[in-house]
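*Asks:* First residue of the sequence shown: 242, per the numbering used here; consecutive thereafter.
By construction, these hints were calculated from the structure, which means they are not laboratory data.
As the structure is a computational prediction, the values presented were derived from the model and not from experiment.
Be careful, since some hints might not be right.
Derived DEER-like restraints, expressed as beta-carbon distance ranges [what the hints assert, rightly or not]:
| # | residue 1 | residue 2 | range |
| --- | --- | --- | --- |
| 1 | Gly578 | Asn472 | 40 to 46 Å |
| 2 | Gln767 | Thr298 | 45 to 51 Å |
| 3 | Ser572 | Arg319 | 48 to 54 Å |
| 4 | Gln767 | Lys465 | 26 to 32 Å |
| 5 | Thr582 | Thr777 | 32 to 38 Å |
| 6 | Gln542 | Thr777 | 44 to 50 Å |
C-beta: ideal position from N, C-alpha, C; glycine also.
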Amino acid sequence: MNASLQLITLSKLKSSMKGVLLWFSLLSGGMVALGQSESPKDKVIITSLDQKTQVRTNEKGELQVNVAQKDVRTYKSRGWVRYSDFGARGDGKTDDIDAIAGSHAFANQYGLLVKADEGASYYIGGKERTAVIRTNTDFGTAAFIIDDTEVQNRNAPVFLVSSSLQPFELKGISTLKRNQEKIDASLPGPCLITVTNSHVRRYIRFGLNQNNGAAQTDIFMVDKRGKVDMNAPIIWDFGQITNISALPIDEKPLTIKGGRFTTIANKAESKYTYYSRNIAIKRSNVVIDGLEHRITGEGDQGAPYGGFLNIGDCAYVTVRNTILTGHKTYSTIGAAGKPVTMGTYDISANRALNVSFINCSQTNDINDRMYWGILGSNYCKNMLYDSCVFSRFDAHMGVANATIRNSTLGHMGINAIGSGTLTVENSIIRGNTLVNLRSDYGSTWQGTFVIRNCKFIPAGGRPSTASLIGGSYSGQHNFGYTAYMPERIIIENLEIDDSNHPENYKGPAIFSNFNPDMTDDSYKEQFPYVITKEVTIRNVTTASGKPLRISDNAFMFRNVKVNVK
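Given these sequences and hints, build the entire structure.
*Replies:* And the structure:
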């Protein structure tokens, strides 16, 4: 049972019914579509006006919201509700999650703005309860204390930004082609399409966190006639489809402003039992503006987090003017039975299109290696950092098209696999390499790199042998796809601060040594790597004065054409 709270269909009140107040339930269960037949738990209970508006939990754990008719008229007339209207104390001690959830449920029913009370401090304990946001929300300067020291359900988000629009299965589509421009479907409007072939495995991970991969999955946008948005094209051939669904896109934007959130971190065992006590965004066309998230109480151990902002199964999400926090790095035993550092994120994006972070930063030092990288993503397309100061950009199971501009990235730098165009411009990169192609997923990028007007500080200024493009590929592991290096790499106006280097330093390399065992033609790749064809270089300078070279492994990159202009 998940913790999503769903406002149940209300019976129509006859105009002759005066002097009543209304009870309606929010269930800790699955989504209940409007128009479904009501169960006993859905029933509307009418009571007299001599009782006040209140929120309570019944013996089954269901949330019941009691709204006096005079209050219904007041809230509808003014166009918004406050958490205190539904009983929130805001004293930093009383658990206010029921009042918060009830406020949003009522607002969702009538399309009202929700406001936090100025100066309030809302304590949210470990109870399994989710506040569903479907209307504009202004958290303002209010504080929210989320206590994760003891929770009933670590998978239950605190807030769920959702849509009243429901996904539906598409019929009659049995195959798809990479870069296909249209699907045979007539739709109610623009839709986000999710397609799966469970008979094909992709992203078969290698290394300490090895696994058997994931079912081939893709997401893309279509208009009502089925025309595919080629800015986020289909990236796989689907010879067979085991599931394909369409989710209508909300055309009206939903905005969430402000809020000063603090998570009191869990103290669970350091295992891959991710906590999702967060703001989950499952609706398209959402703007998060001016939010802050901090973390306190991290100790010697803790379970990882799957993103305080968890964005998934949606499109057109913008996070701006927002401050987030990197989590402490812990270690655990990986799938290979050996110790491994454990990722925990304050931002997570999965199966999402057109996700932008603008003018965002983090509270802790982006170069402090005690803290893990702030973002992890899977199956995303068209991701953007603009004017951000973050410890990392990371695409695990692929990103199609990504742009980093006017930004500074810290000790974990840019880590990516994917396709399309990766653009890095007007930015400072302090990672071990300028761009690291993740070796656990085959160091693959099928497309182009464009790097212009940037400064690269290898390893954040620690003694280092500088390489621009990093990765590793032995050719002996099946990742579930052909692995590519970017076909073309364009580097313009790059400043490399390699002043702090070892004594035997030969100068910065375009490519790190992706395969030290490949030194001549006798090495045979079971799964061949498609090497970069062309690198164009214009105005690259080094603090060491040493020129840019191809690689420590000149044989592997012997056929790369390097154009210096």
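*Asks:* Now look at each hint and say whether the structure bears it out.
*Replies:* Hint-by-hint comparison with the structure:
One distance hint, 40 to 46 Å for the beta-carbon pair Gly578 and Asn472, holds here, with the actual separation near 43 Å. Checking the proposed 45 to 51 Å range against Gln767 and Thr298 shows it is violated: the Cβ atoms sit about 59 Å from each other. Checking the proposed 48 to 54 Å range against Ser572 and Arg319 shows it holds: the Cβ atoms sit about 53 Å from each other. Checked against the given bound of 26 to 32 Å, the beta carbons of Gln767 and Lys465, roughly 46 Å apart, lie outside it.
Thr582 and Thr777 have their C-beta atoms about 36 Å apart, which keeps the hinted 32 to 38 Å range intact. As the Cβ distance of Gln542 to Thr777 is approximately 48 Å, the hint placing it in 44 to 50 Å holds.
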